[in-house]
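Trainee: Listed here are the chains, written in short residue letters.
Protein chains: 2
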Amino acid sequence: MENSQSVRLVGFWVSPYVQRVKWALKIKGIEYEYIEEDIFNRSPLLSQINPASGKVPVLVHDGKPIPESPIILEYIDEVWKHIPLLPQDPFERAQVRFWGKFLDEKVFDLGSWLVLCSEGEKQARAVNVAIEALEKVEEQLRGKSFFGGDTIGYLDLIMGFVSYLLPIWEEIAQVKIFDPLKFPGIAAWTKNFLNHEVIKAENLPSKDEMLRYFQWRREVLIPIYAS
Amino acid sequence: MENSQSVRLVGFWVSPYVQRVKWALKIKGIEYEYIEEDIFNRSPLLSQINPASGKVPVLVHDGKPIPESPIILEYIDEVWKHIPLLPQDPFERAQVRFWGKFLDEKVFDLGSWLVLCSEGEKQARAVNVAIEALEKVEEQLRGKSFFGGDTIGYLDLIMGFVSYLLPIWEEIAQVKIFDPLKFPGIAAWTKNFLNHEVIKAENLPSKDEMLRYFQWRREVLIPIYAS
Numbered sequence: 001m002e003n004s005q006s007v008r009l010v011g012f013w014v015s016p017y018v019q020r021v022k023w024a025l026k027i028k029g030i031e032y033e034y035i036e037e038d039i040f041n042r043s044p045l046l047s048q049i050n051p052a053s054g055k056v057p058v059l060v061h062d063g064k065p066i067p068e069s070p071i072i073l074e075y076i077d078e079v080w081k082h083i084p085l086l087p088q089d090p091f092e093r094a095q096v097r098f099w100g101k102f103l104d105e106k107v108f109d110l111g112s113w114l115v116l117c118s119e120g121e122k123q124a125r126a127v128n129v130a131i132e133a134l135e136k137v138e139e140q141l142r143g144k145s146f147f148g149g150d151t152i153g154y155l156d157l158i159m160g161f162v163s164y165l166l167p168i169w170e171e172i173a174q175v176k177i178f179d180p181l182k183f184p185g186i187a188a189w190t191k192n193f194l195n196h197e198v199i200k201a202e203n204l205p206s207k208d209e210m211l212r213y214f215q216w217r218r219e220v221l222i223p224i225y226a227s
Numbered sequence: 001m002e003n004s005q006s007v008r009l010v011g012f013w014v015s016p017y018v019q020r021v022k023w024a025l026k027i028k029g030i031e032y033e034y035i036e037e038d039i040f041n042r043s044p045l046l047s048q049i050n051p052a053s054g055k056v057p058v059l060v061h062d063g064k065p066i067p068e069s070p071i072i073l074e075y076i077d078e079v080w081k082h083i084p085l086l087p088q089d090p091f092e093r094a095q096v097r098f099w100g101k102f103l104d105e106k107v108f109d110l111g112s113w114l115v116l117c118s119e120g121e122k123q124a125r126a127v128n129v130a131i132e133a134l135e136k137v138e139e140q141l142r143g144k145s146f147f148g149g150d151t152i153g154y155l156d157l158i159m160g161f162v163s164y165l166l167p168i169w170e171e172i173a174q175v176k177i178f179d180p181l182k183f184p185g186i187a188a189w190t191k192n193f194l195n196h197e198v199i200k201a202e203n204l205p206s207k208d209e210m211l212r213y214f215q216w217r218r219e220v221l222i223p224i225y226a227s
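Chain order of the listed sequences is A and B. Anchor point for the first sequence: position 174 equals 174 in full-length UniProt numbering, and the numbering is continuous, going up by one each time. Anchor point for the second sequence: position 12 equals 12 in full-length UniProt numbering, and the numbering is continuous, going up by one each time.
It should be emphasised that the hints constitute simulated quantities derived from the structure, not laboratory data. No experiment lies behind these values; they were computed from the predicted model shown. Careful: at least some of the hints might be erroneous.
One copy or two, either will do: identical chains are not told apart, so a pair holds if it fits within one copy or between any two.
Pairs of lysine-lysine, DSS-like flavour, derived with a Cα cap of 30 angstroms [to be verified]:
id	residue 1	residue 2
1	64	176
2	55	101
3	28	81
4	64	136
5	182	55
6	144	207
7	200	136
8	207	64
Please take these sequences and the hints and turn them into a complete structure.
Mentor: The structure is reproduced here in structure tokens:
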């Protein structure tokens with residue numbers, strides 16, 4: 001399907017899951033071809049490389065497709081071993097995987113994302129889930145530049161959406177989840193993350209475009225999440 | 001907290017997540033102490049070793065606690081490398097992780113488990129999710145003894161609940177998800193799995209006890225999942 005040694009990333013411009021993979025490839029200095037997918041009108045390519053879920057991102061390495069951003073990050077780290085994203089020690093790796101899952105489930109899916117896609121009591125519950133989860137994340141980050149200490153890694157990329165997308169979702173949903181005074185560790189991390197040379201160099205979509213896109217998603221998804 | 005070289009498993013008698021870890025330890029021939037936890041009245045030990053989620057299983061190895069069954073299986077495989085549970089090739093590992101996540105999300109959480117904890121239209125939707133997911137799993141298993149070919153591994157342990165627990169949930173919820181005629185690959189796998197010497201040697205709870213426990217869970221959880 002592909003040329004030898006080729007790296008392709010099939011993505012969608014505003015997806016925070018795709019953004020993680022872009023960051024990881026940039027950190028490792030891996031050159032790749034980016035292919036924009038219309039996730040609302042899926043191409044034959046996407047059905048072919050990810051028939052099970054049909055989601056982006058999919059990394060296609062030498063013709064072999066790998067879906068799901070946390071799995072892609074581990075794959076990248078196993079194939080290109082320089083500048084490691086995960087620690088080598090099995091216990092530390094397990095902790096990183098635990099917090100990655102925690103961030104994706106509690107801070108993202110059942111927290112921030114559900115806040116964006118709901119209203120009323122359901123939204124209030126999701127706000128609480130997100131805040132309680134951030135309290136636990138705060139304990140992990142307090143006094144450190146990044147999750148792993150001084151260098152950026154797997155958990156920072158998983159958490160990345162908190163730095164630039166959560167404020168957009170809060171603005172659209174008209175709620176407050178991330179209070180910098182309550183979460184000084186996360187507030188400091190946000191600055192460190194956005195000022196990291198690789199993260200700074202990767203262009204994010206403009207605030208206006210993100211506001212427009214997620215405002216529309218909120219309107220479409222509220223009735224679906226309510227059922 | 002613990003003696004050197006000690007392996008402890010904190011679990012709950014009927015949890016399919018705990019069962020996976022018991023199987024993995026048995027396959028590797030690792031001796032361990034099992035500690036039964038009352039998950040409805042959590043001990044100080046559990047709050048100490050898993051403050052973030054408070055869930056079982058937790059593997060405590062030389063005093064270091066590792067929660068979440070998929071993460072524990074990877075940890076066990078990284079520390080005790082004989083009789084590998086995951087393949088060594090990065091692409092094959094990524095595929096195993098993808099299907100593990102797929103099984104846990106689609107076949108378990110949003111499928112079978114939600115079927116047990118819901119009724120009416122919500123239940124009908126969950127039945128469909130489970131069946132559509134099993135269709136994709138069937139393609140993976142057709143013509144093979146286990147997911148990885150001839151030997152038991154990570155995905156078989158993740159899928160294990162389908163072999164002994166799904167029939168119980170179906171009976172309680174009075175629905176049919178797993179039709180052996182429609183899923184001959186999974187039907188053959190179920191036999192291979194339950195007849196594997198390690199799986200056969202690990203005692204499962206009795207059918208009566210499981211029926212009684214999950215009947216009660218269904219009654220308690222229906223209103224919670226409906227809100």
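Trainee: Hint by hint, which ones does this structure get wrong, listed from lowest number up?
Mentor: Numbers 1, 8 - these are the hints that the structure violates, sorted from lowest upward.
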